[in-house]
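**Q** Could you build all of it, start to finish, from the sequences and the hints given here?
Okay, here's what each chain looks like letter by letter:
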Amino acid sequence: GAGVSQSPSNKVTEKGKDVELRCDPISGHTALYWYRQSLGQGLEFLIYFQGNSAPDKSGLPSDRFSAERTGGSVSTLTIQRTQQEDSAVYLCASSLVRGLGETQYFGPGTRLLVL
Amino acid sequence: AQSVTQLDSQVPVFEEAPVELRCNYSSSVSVYLFWYVQYPNQGLQLLLKYLSGSTLVKGINGFEAEFNKSQTSFHLRKPSVHISDTAEYFCAVSDPRRQKLVFGQGTRLTINP
Chain G
1 GAGVSQSPSN
11 KVTEKGKDVE
21 LRCDPISGHT
31 ALYWYRQSLG
41 QGLEFLIYFQ
51 GNSAPDKSGL
61 PSDRFSAERT
71 GGSVSTLTIQ
81 RTQQEDSAVY
91 LCASSLVRGL
101 GETQYFGPGT
111 RLLVL
Chain B
1001 AQSVTQLDSQ
1011 VPVFEEAPVE
1021 LRCNYSSSVS
1031 VYLFWYVQYP
1041 NQGLQLLLKY
1051 LSGSTLVKGI
1061 NGFEAEFNKS
1071 QTSFHLRKPS
1081 VHISDTAEYF
1091 CAVSDPRRQK
1101 LVFGQGTRLT
1111 INP
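Chains as they are written, first to last, in our numbering: chain G, 1 to 115; chain B, 1001 to 1113.
These are calculated hints, taken from the structure and not from any lab test.
Note that the Cβ used here is the ideal one computed from N, Cα and C, for glycine as well.
Be aware that a few hints might be false.
Computed footprint of chain B on chain G; a stretch qualifies when at least three of its residues, placed anywhere within it, have a C-beta under 8 Å from a C-beta of chain B [claimed, not checked]:
hint : segment
1    : 15 to 27
2    : 103 to 109
Some but not every residue of chain B turned toward chain G, in silico, with C-beta under 7 Å [to be verified]:
hint : residue
3    : Gln-1042
4    : Gly-1043
5    : Gln-1105
**A** In structure tokens, the structure reads:
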């Protein structure tokens, strides 16, 4: 079946602009995660959704970052007033349930470059 | 809080040679342990995971890992590597009370013919 999909695959923006990154999880997966992969920081957790609510937002680096999930499916990560340090690959993952040790399935990522 | 240390940032090996990628973790609670692989320009794919039970875990593509609680390690091994194993490998832990994965810095495995 279809895996996790993310769009766009690449995004180049200018410093100060807002960007929206989209994630389509695997159908039926109730849990959704956003991670960021950058050269300096490695893979970092950003936020976790269970259904449409976000019980854990502890990884969002600043109030310029926000995310929402609608219909228990698609999620959008929004970065306002982008900065050069926001350049990274943003990965989305989903899992079937909020289960202990449940496997997270990752999408291919969105590569964001802020000029 | 949990942390993961992958001791080698790069590991070069010859094709058909054995390989071990090392992973140590730190946690004040019991954790679940994972190895993910990332092929060039792709997302992460689960190789194997340890939740409980037998400390030797077998995964896909001939990989296995052994959980050692006393040494807080979860090293990944393969007896004979192939060119197609060239990728970056990430060790991760999760706190059973929470959902997020905490990743190590990754180990780049390069296979030489």
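**Q** Against this structure, judge whether each hint is valid.
**A** Hints, one by one, checked against the model:
1. 15 to 27: With 0 residues close enough to chain B, the hint is violated.
2. 103 to 109: holds (count 7)
3. Gln-1042: holds, 6 Å
4. Gly-1043: holds, 4 Å
5. Gln-1105: This hint holds: B/Gln-1105 lies near chain G, its Cβ roughly 5 Å from the closest one there, short of 7 Å.
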